[in-house]
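Chemist: Sequence:
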Amino acid sequence: MENETTLLMVGAFLFIAACGGGESTTEETTTTEVTTGETSEAAMDTDMAPGSMLDLMHQNMQQMQDMTGKMTGDPDYDFALLMEVHHKGAVEMAEEELANGTDSQMKEMAQKTVDQQSKEMNELQAFINQHKPTSGDTATTMKMVHAMQNMMGEMHQDDRSARNTDQSFAQMMIQHHQMGLDMTKAYLSMGKDQQLKQEAQKTMDQQSKEIKELEAWLQEQPK
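Note that this note's numbering gives residue 88 to position 88 of the sequence shown, counting from 1, and the numbers run on in steps of one.
Hints are computed from structural coordinates only; laboratory data are not their basis.
Be careful, since some hints might not be right.
[What the hints assert, rightly or not] The list that follows gives simulated cross-link-like pairs (lysine-lysine, BS3-like), each with its CA atoms no further than 30 Å apart: (1) 202 with 132; (2) 107 with 212; (3) 107 with 132; (4) 202 with 70; (5) 107 with 209; (6) 88 with 107; (7) 132 with 192.
[Stated by the list, open to error] Label-pair restraints from in silico Cβ distances: (8) 68 with 164: 30 to 38 Å; (9) 132 with 208: 29 to 37 Å; (10) 59 with 122: 18 to 26 Å; (11) 69 with 222: 41 to 49 Å; (12) 192 with 222: 24 to 32 Å; (13) 139 with 111: 20 to 28 Å; (14) 198 with 129: 16 to 24 Å; (15) 209 with 66: 29 to 37 Å; (16) 69 with 209: 31 to 39 Å.
Beta carbons are placed, not taken as given, at the ideal position from N, Cα and C, and that holds for glycine.
From just these sequences and the hints, can you work out the full model?
Modeler: Laid out in structure tokens, this is it:
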């Protein structure tokens with residue numbers, strides 16, 4: 001009986017030790033994944049505070065990615081779908097700047113963004129509601145979203161270099177506008193609705209100007 005009790009105690013000890021070792025290994029693996037700089041979702045979530053400009057940008061790009069399932073192959077309709085969601089992301093970042101920014105120039109640009117792009121969102125929604133899409137090759141219209149695929153690493157690096165809400169807004173809005181420019185260029189090469197193309201060109205001209213203004217502001221900030 002004494003020998004059996006001893007064997008049971010030894011077995012229990014070995015089992016507890018094994019479990020403890022397993023937990024340590026898992027913890028070490030998790031730590032390694034986060035500290036190696038790999039772009040896993042867990043690592044990116046650790047770096048992004050809820051409500052940050054980068055977080056809002058990620059959410060907007062995911063919303064745009066989700067819209068690809070609704071694309072029809074009609075370039076006008078698909079552009080309107082994607083650009084409405086794209087504008088929504090700009091408005092949300094601008095509202096974050098208005099709520100937490102301190103620089104008067106950036107807050108003025110943010111208010112202009114809210115006013116202009118809210119108006120354009122309403123116009124795009126009206127177009128979507130009244131335009132009956134024709135079926136086409138969605139692979140062609142998917143060219144409008146290719147601008148998103150190679151931007152995440154650069155955006156993540158830019159946001160980490162920002163020291164405050166104003167700088168983060170400027171950096172992310174440059175990236176957001178550039179993505180919109182790339183989408184619009186792709187659309188203009190295939191779009192058919194003349195009024196929508198004219199509005200798209202006006203938006204592209206305005207956002208090209210704003211990119212230069214944002215870049216100039218960032219250049220003036222202390223390093």
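Chemist: If a hint holds in the structure, say so; if it does not, say that too.
Modeler: Structure-based check of all given hints:
Proximity of residue 202 to residue 132 is assessed by CA-CA distance (about 24 Å); at most 30 Å being required, the pair is judged to hold. This hinted pair checks out: residue 107 and residue 212 have alpha carbons roughly 16 Å apart, not beyond 30 Å. For a cut-off of 30 Å, the pair hint linking residue 107 to residue 132 is broken: about 39 Å separates their Cα positions. For a cut-off of 30 Å, the pair hint linking residue 202 to residue 70 stands: about 26 Å separates their Cα positions.
Restraint check for residue 107 and residue 209: the C-alpha separation of about 17 Å stays at or below 30 Å, so the hint holds. A distance of roughly 17 Å separates the Cα atoms of residue 88 and residue 107; the hinted pair therefore holds under the 30 Å criterion. The straight-line distance between the Cα atoms of residue 132 and residue 192 is roughly 13 Å, inside the 30 Å bound, and the hint therefore holds. A beta carbon spacing of about 34 Å between residue 68 and residue 164 agrees with the range 30 to 38 Å that was offered as a hint.
For the pair residue 132 and residue 208, the supplied restraint of 29 to 37 Å holds, since their beta-carbon distance comes to about 32 Å. The beta-carbon spacing between residue 59 and residue 122, approximately 21 Å, falls within the hinted interval of 18 to 26 Å. Judged by the Cβ atoms, the range 41 to 49 Å given for residue 69 and residue 222 holds: they are separated by roughly 45 Å. Distance hint for residue 192 and residue 222: a CB-CB separation of about 49 Å, inconsistent with the stated range 24 to 32 Å.
Under the hint 20 to 28 Å, the C-beta atoms of residue 139 and residue 111, about 39 Å apart, miss the expected range. Between residue 198 and residue 129 the CB atoms are about 19 Å apart, so this pair conforms to the stated range of 16 to 24 Å. At roughly 30 Å, the beta-carbon separation of residue 209 and residue 66 lies within the given 29 to 37 Å, and the hint holds. In this structure, residue 69 and residue 209 meet the distance hint of 31 to 39 Å, their C-beta atoms being roughly 34 Å apart.
The structure shown violates the earlier hints numbered 3, 12, 13.
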